Structure formats: C-alpha cells, structure tokens
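The listed protein sequences correspond, in order, to chains A and B. Take the working numbering: the final residue in the first sequence is number 396, and no numbers are missing along the way. Take the working numbering: the final residue in the second sequence is number 396, and no numbers are missing along the way.
Do not take every clue at face value.
Identical copies go unnamed one by one, so any copy, or any two together, can satisfy a pair.
[Unchecked claim] Listed next, the in silico DSS-like pairs over lysine-lysine satisfying Cα-Cα at most 30 Å (straight line):
| hint | residue 1 | residue 2 |
| --- | --- | --- |
| 1 | Lys-245 | Lys-344 |
| 2 | Lys-138 | Lys-156 |
| 3 | Lys-389 | Lys-156 |
| 4 | Lys-245 | Lys-156 |
| 5 | Lys-268 | Lys-138 |
Quick caveat, the hints were computed from the structure, so don't treat them as lab data. No experiment lies behind these values; they were computed from the predicted model shown.
Here are the chains, one letter per residue:
There are 2 protein chains.
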Amino acid sequence: MSQTAFHPPLRTLMGPGPSDVPSRILEALSRPTIGHLDPAFVELMDEIKALLQYAFQTESQLTMPISAPGSAGMEACFVNLVEPGDKVIVCQNGVFGGRMKENVERCGGEAVMVMDDWGKPVDPQKVEDALKAHPDAKILAFVHAETSTGALSDAKTLAELARRHDCLTIVDAVTSLGGCELRVDDWGIDAVYSGTQKCLSCVPGISPVSFSERAQHVIANRTHKVQSWFLDMNLIMAYWGGSAKRAYHHTAPVNAMYALHEALLMLKEEGLENAWARHRENHHILRTGLEAMGLEFIVPEDARLPQLNAVSIPAGADDAAVRSRLLADHHLEIGAGLGDLAGKVWRIGLMGYASRIENITLCLGALDAVLSDMGAAINSGAALPAAEKLLAHHEA
Amino acid sequence: MSQTAFHPPLRTLMGPGPSDVPSRILEALSRPTIGHLDPAFVELMDEIKALLQYAFQTESQLTMPISAPGSAGMEACFVNLVEPGDKVIVCQNGVFGGRMKENVERCGGEAVMVMDDWGKPVDPQKVEDALKAHPDAKILAFVHAETSTGALSDAKTLAELARRHDCLTIVDAVTSLGGCELRVDDWGIDAVYSGTQKCLSCVPGISPVSFSERAQHVIANRTHKVQSWFLDMNLIMAYWGGSAKRAYHHTAPVNAMYALHEALLMLKEEGLENAWARHRENHHILRTGLEAMGLEFIVPEDARLPQLNAVSIPAGADDAAVRSRLLADHHLEIGAGLGDLAGKVWRIGLMGYASRIENITLCLGALDAVLSDMGAAINSGAALPAAEKLLAHHEA
Numbered sequence: 001m002s003q004t005a006f007h008p009p010l011r012t013l014m015g016p017g018p019s020d021v022p023s024r025i026l027e028a029l030s031r032p033t034i035g036h037l038d039p040a041f042v043e044l045m046d047e048i049k050a051l052l053q054y055a056f057q058t059e060s061q062l063t064m065p066i067s068a069p070g071s072a073g074m075e076a077c078f079v080n081l082v083e084p085g086d087k088v089i090v091c092q093n094g095v096f097g098g099r100m101k102e103n104v105e106r107c108g109g110e111a112v113m114v115m116d117d118w119g120k121p122v123d124p125q126k127v128e129d130a131l132k133a134h135p136d137a138k139i140l141a142f143v144h145a146e147t148s149t150g151a152l153s154d155a156k157t158l159a160e161l162a163r164r165h166d167c168l169t170i171v172d173a174v175t176s177l178g179g180c181e182l183r184v185d186d187w188g189i190d191a192v193y194s195g196t197q198k199c200l201s202c203v204p205g206i207s208p209v210s211f212s213e214r215a216q217h218v219i220a221n222r223t224h225k226v227q228s229w230f231l232d233m234n235l236i237m238a239y240w241g242g243s244a245k246r247a248y249h250h251t252a253p254v255n256a257m258y259a260l261h262e263a264l265l266m267l268k269e270e271g272l273e274n275a276w277a278r279h280r281e282n283h284h285i286l287r288t289g290l291e292a293m294g295l296e297f298i299v300p301e302d303a304r305l306p307q308l309n310a311v312s313i314p315a316g317a318d319d320a321a322v323r324s325r326l327l328a329d330h331h332l333e334i335g336a337g338l339g340d341l342a343g344k345v346w347r348i349g350l351m352g353y354a355s356r357i358e359n360i361t362l363c364l365g366a367l368d369a370v371l372s373d374m375g376a377a378i379n380s381g382a383a384l385p386a387a388e389k390l391l392a393h394h395e396a
Numbered sequence: 001m002s003q004t005a006f007h008p009p010l011r012t013l014m015g016p017g018p019s020d021v022p023s024r025i026l027e028a029l030s031r032p033t034i035g036h037l038d039p040a041f042v043e044l045m046d047e048i049k050a051l052l053q054y055a056f057q058t059e060s061q062l063t064m065p066i067s068a069p070g071s072a073g074m075e076a077c078f079v080n081l082v083e084p085g086d087k088v089i090v091c092q093n094g095v096f097g098g099r100m101k102e103n104v105e106r107c108g109g110e111a112v113m114v115m116d117d118w119g120k121p122v123d124p125q126k127v128e129d130a131l132k133a134h135p136d137a138k139i140l141a142f143v144h145a146e147t148s149t150g151a152l153s154d155a156k157t158l159a160e161l162a163r164r165h166d167c168l169t170i171v172d173a174v175t176s177l178g179g180c181e182l183r184v185d186d187w188g189i190d191a192v193y194s195g196t197q198k199c200l201s202c203v204p205g206i207s208p209v210s211f212s213e214r215a216q217h218v219i220a221n222r223t224h225k226v227q228s229w230f231l232d233m234n235l236i237m238a239y240w241g242g243s244a245k246r247a248y249h250h251t252a253p254v255n256a257m258y259a260l261h262e263a264l265l266m267l268k269e270e271g272l273e274n275a276w277a278r279h280r281e282n283h284h285i286l287r288t289g290l291e292a293m294g295l296e297f298i299v300p301e302d303a304r305l306p307q308l309n310a311v312s313i314p315a316g317a318d319d320a321a322v323r324s325r326l327l328a329d330h331h332l333e334i335g336a337g338l339g340d341l342a343g344k345v346w347r348i349g350l351m352g353y354a355s356r357i358e359n360i361t362l363c364l365g366a367l368d369a370v371l372s373d374m375g376a377a378i379n380s381g382a383a384l385p386a387a388e389k390l391l392a393h394h395e396a
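The following block holds chain A by itself, in its conformation from the complex:
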C-alpha cells in the first residue's frame, strides 16, 4: 500500500450523487477552520438556517443541517417523531421507502406498507385507502424523489391527504431539494430531510432537515426519550437554536458548513424557480438525445425526475463493462441500478451544477461511442443532433 498523498482522478459526476461540486464551493470548504462556538461561526449558522428556510420554502425555525449524511437525516426524522407502538404508513416504490420501514421498526413502531412498483410514483388512492383503514396511524412517510428509480411522487397531494386524516408527514427530499418544486409550508409537510450532495452540488456528508410547528409540538411532548442522543432534536436545538447563547452538543463539521453556506448562496443567487426550470429544460434535452439513441425511460413521462434519469440498459450492453469504460475513457460517472433494478437500469444524474449542456453533450457522446463500440443495440449517431436541435429550439 503506497500511502502517499491522494490526488483524485477528475470525474464528471452524472450518477445519483454526489454530483459535480463547483470550484467555488470547494474553495469555501477549504477556508481556515474556526471554533464551533466562535461568534463568527454562530453568525454563519444563522445565515445557513435562513438560507435553508428559503431552499425548503418554510418559515419553520427548526430548520438546520444535521451533521451527518442524508440517511442520518432520515433517522433524525423517525427517531424524533416515532415512539414505541406508533403506527406509521410507509409508502415504498424503491429502495428508500424500504429504509424508512427499517427506521420505523428500529424505533419500535409498526410500519403499514403501501407498495407501488419500482419506477412508478406513489399512488395517492392507495395512500387514502391506507389512511382510512388505519385511523390510528400517526405518521405518513414517503419519498418525494425516489433516487433509486427516478420517480417523482405528488408530495402536495400526499401531504394534503395526511393532514385530512390527522397524520404527520415525513418526506424524503434528498434528491428533490433544489432540483424540482418543493414547498414545505404550502404543502403542509411536517418533517423533511435532504442531502447536500445532490441538487445543492455541495460535498456529501450533511443533511438539511426541517420540522413544522406541529412536529415540534409532538417532539416536545414525547413519552419516551429519543433513542438517539446524537440525533435528539431537543438537544440539537440548544446548539442550533435561536438564542444568542449556544449550548455545546457536538462539534459541528465547521468546514462542511462553509461549503453548505456557499452552495445555498449559489442557489439563492440563481433563484429557486430558475434552478427548477434549468433542471427541467436540461432534462428535456438529455431525454431527447437518449430516446433518439433508442434508450427507454423506466418511469412514465409525467412522473420523471428531471434531475435523475433512469433508462433501461439496451440489449447487447454489459452493465459493469459500459460503466467502467465510461469512467476509464471519458472520466464520466453514471449510476448503476440499485436493489431490484441492479443490472437493469442506468441512472443518469443532472443534479445541481452537473445540470449543464456540456455535461449532456459529454454523456450522450460518450454513451454513443462506448455502446456502439461494444455492439449494443442503439441508434448510433442520432443522440447528439437530436439534443442540439432541441437546444437550438429552446434558445430561439
């Protein structure tokens, strides 16, 4: 083992995250470390909270980054809201609904599953049936943007159903935040978590979360202590809360907060609606190219995530070999299938800073070159002209 300095290869990251991190954010990340209780850092924390409120479209004061990846953000929502014996309706249409079920059960709760096919959005009718069948359910949990399949579910409708049946909602917005419409307050979402490494184009490792006042009330009135000390929002609030005096809870990942702040500034500079529109437009261009090549999306058109494009692997293409060639020859990362879809699909991310025309051109060009060379069943040469035509049309 060499054990010398590690210089990562340069990649274009078009998988399911991490996405390309702009140099501006990497530079912010590397600024000199200061103390986690330094007055200057406390000011930064307040700015991050305000910027996250903008990104989530919420006025909730309990909006902050958890000092760990998105899966810890998910766990933060469940351990704080679920108590032993609680019934939680969990929608599963991919990998992450399954992880929600694990979380409910590890909290001593009972998960009532609402199943949909992988690649389909969550069916509101099934959810309504489940809510009616289980009037004692406390929480409805679902994934807004299923990273494992590229399907977008109708969070607004699902949250409305939950409210009508007096249920709290826990919503996975890991892949949706910053990439497609998400309005936490307008839609009445009670607990939501995301990740930094998707459409925020920040480095991985931090999970923004937000809890509504209704959720805060439930947390403040729990019967049992939250089973996780590290993720207990009652304790975290003493550090991230609004008072000038911040109580030590854990040492915040100071430099990661510099990066998150910069990423959120970039989102605000662009404007949330503009960012959503950019993701949508670039998705159409990529889609046009992929379909011209003969690749098929696994998600119905009206439920496709613009930031994550899952397509079936064409006949004659060896999954791992193609991805290895893309990485080795073109320094391009696309995502493999996950869980039930392993070996069946590729997941092409257009997330945050990676949602750029040059990335689309690279991806279509590299896929065409590698698939043609390996003898896969595609329409070689069709993708780039089709994409260019749509791009020119957009610009006209």
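Using the hints provided, position chain B relative to the given structure of chain A.
Here is chain B on its own, set in the frame of chain A:
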C-alpha cells in the same frame, strides 16, 4: 442578514478542539469530489483503514471512520454492543462519562455509575469494586482523555480489569488519539472511538472507530437489531468491509475522507511515538509558563493530559471577558469550562498541529497581556522567560 460569501476570521485554535488545521490538510479537503463507489475512492478507503489501524495500534479489520462527529462514534459503540437489559459499568469523571450513561439508557441498558471527581482520573480500585459487585456486567465504559477536565485515566489498567472480569470495554479516545499513548490491541480494548478535530488536526465531522474480534462476535450475535440504521456496523461493514464489492449503505463524506487521509499520513510521517513526545514536551513548556504566571492546574500532575491543559481562572479575571479579548485582539481561541467547571476553568489545547512553540508563545503572551490589563492576580512578565528557559534547556 448579509448572505454574502463567508470568509472566516483567522484564528489560532487552542481550545478543546477543533484544533488548528494545517494548510496541507485544507488543500486535500478541497480536491475535486469523486463518487463514493469510484474504484479510486475504494482504494482510498482501504488506505484510511490501514492508517487508522496504525493510529489506534490495532490489527482489527473493523477499524474505520464513522461519517459523523465523535458523539456519533460514541453512539456507534453503544448501540452496537448494548442490548436492552444489558448492564454497563460507566465511569464518570467529567462531561463525557455522563454522555455515556445517556447512551446506555437510550439503548435500554442499565448504567452502573462509578463516580470520580472532575479533574481526577478514574480510580481503578473503584472500578474493580464495581466489577466484583456486578459480575453480570457486560461492558466497562470509560473516557481515556476527559476533554472537559484535562484528566488522563489509566486505560491499560482499566481494560485489564475488565478482561479479568470478562467484560467488554468501550473507550472514549476522542482527545487521546495521536496525542498520548494509546495501544488498542496491547491493552485489549474492545471498542474505541475518536474524533478528527483534536490531535489529528483534521477538520471536525468524522469519528474513527475500532472494534476487537471479541466485540465483532458480540455484534454479529445480537438478539435485537441495532436500534440505529445509520450506525449499524453490520450494514456499514458491507460498504467499508474487505471485499472488492462494496454495497451502498450511505454516501460517504468524500472530501472529508481526503482530509482524514492526509491527516493520518502526517501522523505516520511524524511517527506515533514522536507525536506523543512532542505533545508531552510542549505541555511541559506551556505548563512552566502558566505556573510562572501563577495559574494552577486542576488535574494532579501525574494525570494531566499534555494536549489539554485545564487551569483555574485567577482571581480578578472575568471568564467571558478574557476569552472575548483573546479572540478579538489576539485571534486566539482557548476553551471555556464545561458543565460543573463552567466559569471556573480555562481549557488550553495543544492538540496536533496546534502543539507548536509559536502557539505556546502566543498563548502565554496574550494571556499575560490581557490578564494584566484587566487587573487579574497574576505574576505579570514571568511566563515567557520561564517557558523560554525550559525550551532552551530542551534544545541544549
């Protein structure tokens, strides 16, 4: 709220962590992000594991960084080893023993407390008495280097006692790793966690952990599922484990891993014993100066941590005002007292890269200037000559 780019003030970090991060590590941190399943990243993970084995002085294969701060590393040890009903002997001589108790109870275990005064090391005799009185105890948990008081406990003796009574050990090495002698295998420690932001001089946010084979056997044969999905070592191992095929668990904080790798390289280049000696020698120089100034250590001489110096606040000095002046005028951060010691002590860190002569000179000079100016009861002018004399003696 301004919401413009955040440029942190330049600080010299001599609190209880984060400590000064050398530019070499900040530069590594800012290298371009790659995927968490990229073959190049998987190689880096293997190097980090090997370097952590060196730092911990263990050959255990279950040695890796947890993707969250030290308090999550603590929780990882407890949630994986404690099952409901288990009895755990917890030694408390400061803040962090109390946090261990919280962890045990949140896992459904029973904590048997062995209490020592804040500032004193854990008393092995009391521990032996507790082990004898509770032959059904499964685990002995204690803090090696108490960050809240600056006391070093005899981990070797305590771990031996635990073995003799057929108990597993969980050891908090957050502040000891890289700063003073720690030999996980030789001492027979079963579970140990640390942090990156202390004597490794890395950015905060990651917690290195290691589990012995005995601990691994206990984890693999649990009756109940680990209550945390995010911290379940059975799942984490599928990603960090030895096989070439790595299963996705969570998205690793890729850039933080670049920084940790660089920090561990620096430790290996210096040599573990040399790093321990440097911390010891610089502690003696700082101590000489502080004592010449008239400040008193709260920990008995034979139990003082070289990397964390807790001294009583002298008469006539206003705690918060002094620290504010040090920060505002000299850009120097020292630590406040924590818990029972709040307002009574200062904690001066000489951790990792911050353990340098120029930091000692700055700290003694700034403390002398501020305390004199504010009319505190100190021997003004005595500290720096005393420190210089010892330094010259060392160098001779």
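How the hints compare with the structure:
Taking the shortest Cα distances, Lys-245 and Lys-344 sit within 30 Å of each other only across copies (18 Å), while inside one copy they are farther apart (53 Å). Proximity of Lys-138 to Lys-156 under the C-alpha cut-off of 30 Å is restricted to the intra-copy arrangement: shortest distance 18 Å within a copy versus 49 Å between copies. Taking CA atoms no more than 30 Å apart as the test, Lys-389 paired with Lys-156 passes in neither setting, with 34 Å inside one copy and 71 Å between copies. In this assembly of identical chains, Lys-245 and Lys-156 lie within 30 Å of each other by CA distance neither inside one copy nor across copies; the values are 37 Å within and 39 Å between.
In this homomeric assembly, Lys-268 and Lys-138 never come within 30 Å of each other (Cα to Cα): the closest approach is 35 Å inside a single copy and 52 Å across copies.
The structure fails to meet hints 3, 4 and 5 from the earlier list, while all remaining hints are met.
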